[in-house]
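Participant: These are the residues of each chain, in order.
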Amino acid sequence: MTTAWDPSKPILEIEHLSISFFTRLREIPAVMDFSCKVMPGESMGLVGESGCGKSTVALAVMRDLGKNGRIVAGSIKFKGRELVKMDDEELRGIRGSEIAMIYQEPMASLNPAMKIGAQLAEVPMIHQGMGKEEAWKLARQIVADVRLPDPDRILNAFPHQLSGGQQQRIVIAMALMSKPALLILDEPTTALDVTVEAGIVDLVKDLGHKYGTSMLFISHNLGLIMDVCDRLCVMYSGEAVETGNVVQVFDEMRHPYTQALFRSIPLPGADKNTRPLISIPGNFPLPHERPQGCNFGPRCDYFEKGRCDAADIPMSDIPKGDRHASRCLKWAEIDWNAPPAARVVKQKSPIGRVVLKMEDLKKYYSISSGAFGGGTAKVVKANETLSFEAHEGETLAIVGESGCGKSTFAKVLMGLETATSGSIMLFDENVQSTPIQKRNVDTVSSVQMVFQNPFDTLNPSMNVGRQIIRALEVFHYGKSDEERTNRMLELLDVVKLPRAFADRMPRQLSGGQKQRVGIARAFAGGAKVVVADEPVSALDVSVQAAVTDLLMDIQRENKTTLLFISHDLSIVRYLSDRVLVMYLGHVVETGTTDQVFNPPYHPYTEALLSAVPVADTKVIRKRIVLEGDIPSAVNPPPGCPFQTRCRWKSQVPNGLCDREMPPVRNLAEGHQIKCHLSDDILAQMEPVIKMAAE
Amino acid sequence: MPDTLSWTMIFALMAKQFWPVWVALVVTFVLSIRFKRKLGLYGKLFDSPVGMVGFAIVMFWVFTALFADMIVTFDPLAQLGSVKNPLPGSPTPAGADGQYPWFLLGGDHLARDVFSRMVEGARQVLVIAPAATTFAFLVGITLGLPAGYFGGKLDTVLSFMANLVLAFPVILLFYLLVTPEIRNTGIPVYLAAILFLIPILFFVVLLNSRFHTNPPKRNLYVGVTLVLGLWAYSGLAFNRDPLGVWGMAPNLLNVFVSVVFVNAPTVFRIVRGIVMDIKSRDYVAAGQTRGEQAWYIMLWEILPNARGPLIVDYCLRIGYTTILLGTLGFFGLGVTPESPDWGSTINAGRKLLSMIPHPAVVPALALMSLVLGLNLLADGLREESMKD
Amino acid sequence: MLRFVLRRLGVMVLTALVLTFVVFYLTNLPPNLEKLARSEGSVRMTDAAVASWIIDNGHGGSVFYRYAEWLGVAPGWVLTDDKGVTRGLCIRQNDDPALAPTFCGIFQGNWGFSTVFKKPVLYSLGKSMAATGWLMLAVMVVMVPVALLIGVLAGMREGSRTDRVLSTFSIASSATPEYVSGVILVALFASPATGLSPLLSGWGWIGGKTLFLGTATSAMDNITFWNFALPVATIALYGVGYIARMTRASMTEVMTQQYIRTARLKGVAFRDVVLRHALRNAMIAPFTVIMLQFPYLLNGVVITETLFNYKGFGWMLVTAAGNNDIEMLLGASVVAVIFVLATQLISDIGYVFLNPRIRLS
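Residue numbers (this note's numbering), protein chains in the order written: chain A, 1 to 694; chain B, 1001 to 1388; chain C, 2001 to 2361.
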């Protein structure tokens, strides 16, 4: 389309870009002095925590900042053409045809009232003036390209008829319809399950190579960036703090923030007792509360008063690097290989008696199908023969993706639902069929829960202190209001929040702080068993470490049994003693952390391990990408629940997997799997993750 | 005898009559704008021009109702002379000394002062409309919360009943429900007995669920609520207040009950919808996992978080209730013939509408401006509450 | 789908039965019957005479049984008085009682006789409904397109000047009930003393004294722009504001959706973003509102027909209610209730059809 453009020049060149949002009260700078270059065929990662401005950069490239956002300085050149000064007409020619974007929420980014085919065909019809029939033909071909089965059916479907993974593939197909030169991906897999994510990541990489598209890949996940990108740019509070090629930045980082970020994520080798994570102290600054000088200054270990907070700090190039640059004054002085100073080795807490025992727990729901009521009632088997024990002071991780039944299990344990059959022994009491209203106060206060979404866990119209006091009141703690108030303040101390927070409203707290209040509330009645339902998955990485450590500390102190529900295997490996892997309502594997994370695996565990991106250049990971999506729990496949996606299925003779539910087998003391594979095949399994150095 | 006034003079003199209202408005606005950052949603209203205009109009009428006695130029029921429908600005027949010398906005067919009747009408509307809307809200909330929270059979039955009332054409309902005959059968009293019991129940459950962990405090609060509530109940529903403080004329009770009856199902549906949305939040689950009673969760965890849309709808609904009351007046239902309320004044004036419009147009504009103010206020509130 | 419609129909029938029973009960309260007795019999009847008149005319006994009679599922009453004359619900004057049918309620087409209009209820109903039908039709034709247009134009660019102006207009019009707008419209356009008409006739631009007619009685026989515009405008004005606000709210919400951004960033022109991507999604909510607006329209019709003296359904309802014409009122109620329920049914079904997410799940 553009004629005068030299392919050896950058596709995208952003220079000293500053973006602000204007509210009635003030100007809020979102991005300051941002520069980056993307060469043809290159994929550039933008990484940072929420609020660091990475998505704003992407939207600025699309020139879609909304009513309040404005580019206040700098330039964005696409193929040598200045985007900042383009008018609407010119922009429209570029959007969708030369620059395309893929978004976080696939469901939300597709028009619910238009057929998939029409939404896809629209792109070439606008940009290439293609006829309708031809455009649909092209759409069909691209749908096949993104490896979706039965393209004809899909083209005539509406978005809600597809699964999340399929929808995201459609969004990718839409972006590729007119073979753009630059693809912007804004957290394209965050809303998806890990095994589905692995497939999408593979697809994006392959298509990038196939079409020679450059990519701007935005993510908060360092592991994912390593999987996909050649180069990356680390952002903090509206600024790029370090940029360079991925290997260089990962292995020889030259900015304290990058270093702190790597120290706070659970990489293989981290251990909650011997090598605990180091969280970044303090909080992310709000845009209008940024400090003078280095934005990271107040949280930095190497901070030097009078120097780091004197003036704005420019990017400086690192000699010998591959276009490596850092926004740090002291990068040359810091000893980057020195071990972290403040690593407190903690005592492993002893594991005590059995406090919770589930046997053959079953939970079925009956749902009426069809939108119009009536219809035939179907049974959803949310939990099938769930059996396990949990000991005092132990962390038991329950791992699985959406639809595996882990939330149902939590509800049954809490008494919000009653089990269909089986028994739950809590201490020495059978609570299986006792709904929460009929449980006595002691039982209720000893089993508590920490919730996933920090923005949802606290009542927005009640202050923090009041919410904790309410829990104390309900658990009959203390005799007077003063006693309860004192206890509430102590609890705030325990979760390391200032006592002044008692009078704050939840909206004045950050996500991590809210999660701490949630933890304080859960422990208000001296809980013995705490169910933590993905307690850190919605938090930023640097905050995750702090909240995880807090949970571990309280657990050590109170000898609490922690049931840690998660889909994130990195964090599970880091903190759990034993692991339970669930798939479609079944426990497919259980054992100690070592047993589960080392072969022999259940085929699903193997795939799950392989799917989790690891931000460590020394780790070699075997790629196992599962076919298709997780089947619906309403309509599970016959036989083994995993047989539709299992890569080992051919190793089992006679199609046993299709017909029969595998039995539970003991592989070692405490290590059980539900699989038909024979012992010698299991013995042949190789580890998924290996350290390169070993 | 003074001269007939020009329109400019009429407006000037009216503005002078309204002086207490102006003073009150200025005080309200100055204080509110000064402290707007400390006043929560109310304070934020002063960031929105639309909201401010709406609030000003509404407060104008509120203050007019409050200071009506100081503003009126005549007794709104007094018939002044024998000239029918005197025009705006025409002089009053020479009467006693100190009597106001003009019909500011003219007179009606009985030579009653239109201006004074309009002012007095504001008082009628602004007593009944907010009170009836409040009752409708309490009823709608008390039934909507459990319907949305528990779902199932309870929801099916309550929703069916709400839909029954909603499927009734309002006018037909009024014609059937607001008649002197029906008053004789006692049906409005039975309805009132049920409807008015619900607010008492609401407050008792509200306080009990919150303070049941602390019985002495609970007993005090619930006791006080019951004494006050039942006292008012005896007066309002049955007109048998032993102390004679609470009471409502039978025709007024009839109107009141009908308006509550018409409004409550819509509130019920709104509340039910919001509850179904909020009940899946984690803080509700947190309440459940610490073993809270269902009513605590509904009233203290869910309801406060539904307040945004409910406040907005409350404003809109006062406006709608004003319209309903006007409709009743327009058909002459449930009002005494000499009542100065806007609806019946419009009705009385419409017979000669095309020849002498002022007796009908004045209350029509008054009613319209009040409803407009309420709608603008609701719009401003909605806009500002969404900005959080 | 069929199941859904059947279920809705079942609920609808149940609702209709309950509602008609309520109306039956309320219109047949003892005070109303006493009033009827005095107006049909004689004003100076003694209380005892009134009581016996009520019983003699089939209004005694249990209200449930009388309701069933009225519906036509219970045998109509038959009474033989002292003189040996047999009268009954199903026996017409001078007919042989032996030949009369047993059941004669509304199911059999016997809707009773209007005491005010001195005509069979069905006849009067039919005539007035036809008149109201024209009015409603005109209102819908004016109201719906105008309201949707205003709503879409205001909602497609939230906060713009167009939005401010149109939103203010719709708020103002939804704050103007029919009895207010009617009064103001008449004062402005149909009064020889005030408003536009004196000016226009002074300039000699109009022949008559007023621009529009202040009553619509003549529209009963011959609808013209000059006698019909004001009543139509009166009803439409209130509805326009309401529907436009709903449309605007729905439109602004849709315009902030992610898929609109997707469309914009695909390079779709703003016009097509609105027409192809936003409009259909934005129409789902207002459709329901428009259908549910019909019951309120009925309100407006009653007020406007009274105000403009147009002898349609609303006017008849008011007259029947004001004159204790029980059978007429019952008939009118049945029609009103069925009308409201039918609109609700259409609204439900239409909602499902407009929304592929529900239709195909």
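None of these hints come from the bench; they were simulated from the model. Incorrect hints may have been included.
[Stated by the list, open to error] Restraint ranges, calculated between C-beta atoms of paired labels, are given here: (1) B:F1150 <-> A:K348: 44 to 50 Å; (2) A:T418 <-> B:I1033: 41 to 47 Å; (3) C:F2270 <-> A:S35: 45 to 51 Å; (4) A:S510 <-> B:L1041: 22 to 28 Å; (5) B:L1154 <-> C:F2113: 41 to 47 Å; (6) B:S1385 <-> A:D87: 35 to 41 Å.
For glycine and all other residues, C-beta sits at the position ideal for the given N, C-alpha and C.
Participant: For each hint, tell me whether it holds in the structure or not.
Facilitator: Hint check:
| no. | hint | result |
| --- | --- | --- |
| 1 | B:F1150 <-> A:K348: 44 to 50 Å | holds, 47 Å |
| 2 | A:T418 <-> B:I1033: 41 to 47 Å | violated, 56 Å |
| 3 | C:F2270 <-> A:S35: 45 to 51 Å | violated, 32 Å |
| 4 | A:S510 <-> B:L1041: 22 to 28 Å | holds, 23 Å |
| 5 | B:L1154 <-> C:F2113: 41 to 47 Å | holds, 44 Å |
| 6 | B:S1385 <-> A:D87: 35 to 41 Å | holds, 37 Å |
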